[in-house]
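Starting from the structure of chain A, add chain B where the hints point.
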Amino acid sequence: AQSVTQLGSHVSVSEGALVLLRCNYSSSVPPYLFWYVQYPNQGLQLLLKYTSAATLVKGINGFEAEFKKSETSFHLTKPSAHMSDAAEYFCAVMYSSASKIIFGSGTRLSIRP
Amino acid sequence: DVKVTQSSRYLVKRTGEKVFLECVQDMDHENMFWYRQDPGLGLRLIYFSYDVKMKEKGDIPEGYSVSREKKERFSLILESASTNQTSMYLCASSRQGPDTQYFGPGTRLTVL
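For the protein sequence lines, the chains are A and B, in the order given. Just so we're aligned, residue 1 is where the first sequence starts under our numbering, counting upward by one. Just so we're aligned, residue 1001 is where the second sequence starts under our numbering, counting upward by one.
Excised from the complex, chain A in its bound form:
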């Protein structure tokens, strides 16, 4: 079955530190991959997406993610965390034959002053 795994339901980093949120998917077929962010009491907002072009994808707010087929991973990074990055982040996968997205269970990012 197709699935998305986000390692760590809660990640805490200091302001200015590197942010690394991990995402692995299960599939032998190259998928479309997404990262969404959800601020408190809001809907989900697209951060970035991979659609088989460049393997390093740049998104909004300084985030980027790298597609690694050999590792079936799509980890999200940001070089320097800001207090405003505190939110929940969802990795998601979609396959070209369907319009449905499979979401990971989410990672809550906290930023320490």
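Rather than coming from a laboratory, the hints here were simulated on the basis of the structure. We put the beta carbon where it would ideally sit given N, CA and C, even for glycine. Among the hints, erroneous ones may be present.
Claimed, not checked - Using 16 Å as the maximum straight-line C-alpha spacing, the simulated EDC-like pairs for lysine to aspartate or glutamate come out as follows:
#1 A/K100 - B/D1099
#2 A/K49 - B/D1026
#3 B/K1071 - B/D1026
#4 A/K100 - B/D1051
Unchecked claim - What follows is a list of derived Cβ distance ranges for each label pair:
#5 B/Y1010 - A/K69: 40 to 46 Å
#6 A/S14 - B/E1017: 46 to 52 Å
#7 B/S1065 - A/Q45: 25 to 31 Å
#8 B/K1070 - A/S14: 25 to 31 Å
Just chain B now, with coordinates in the frame of chain A:
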């Protein structure tokens, strides 16, 4: 700017009531989706629609039904609300095929 709106941000209902949640998109998208979000479980797909009057069950359709009479509007119906349907409900829309889904702000439903 793309926009998906949901009829209510917060809703409180009693067990057994019929509940309607409405979603409207202004992007002329073919696909529309209803999810529920619960802590630790991420987003789970309830139903989706790929055209007017067309619908498909998602992963957790039990206790829910949907209606799509117009392209821009997708309604989620709880025929007889139960306490285990207390949750955050999110609507989304997208173009046909593997495209980005755009989300509404969500409706936090409490069933007492």
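Outcome of the hint check:
1. A/K100 - B/D1099: holds, 9 Å
2. A/K49 - B/D1026: Given pair A/K49, B/D1026 is violated - Cα atoms ~22 Å apart, limit 16 Å.
3. B/K1071 - B/D1026: holds, 9 Å
4. A/K100 - B/D1051: holds, 14 Å
5. B/Y1010 - A/K69: 40 to 46 Å: Since the Cβ atoms of B/Y1010 and A/K69 sit about 43 Å apart, the hinted range of 40 to 46 Å holds.
6. A/S14 - B/E1017: 46 to 52 Å: With a Cβ separation near 47 Å, A/S14 and B/E1017 satisfy 46 to 52 Å, so the hint holds.
7. B/S1065 - A/Q45: 25 to 31 Å: holds, 29 Å
8. B/K1070 - A/S14: 25 to 31 Å: Violated, since B/K1070 and A/S14 (Cβ atoms, about 50 Å apart) do not stay within the stated range.
Against the hints set out earlier in the document, violations occur for numbers 2, 8.
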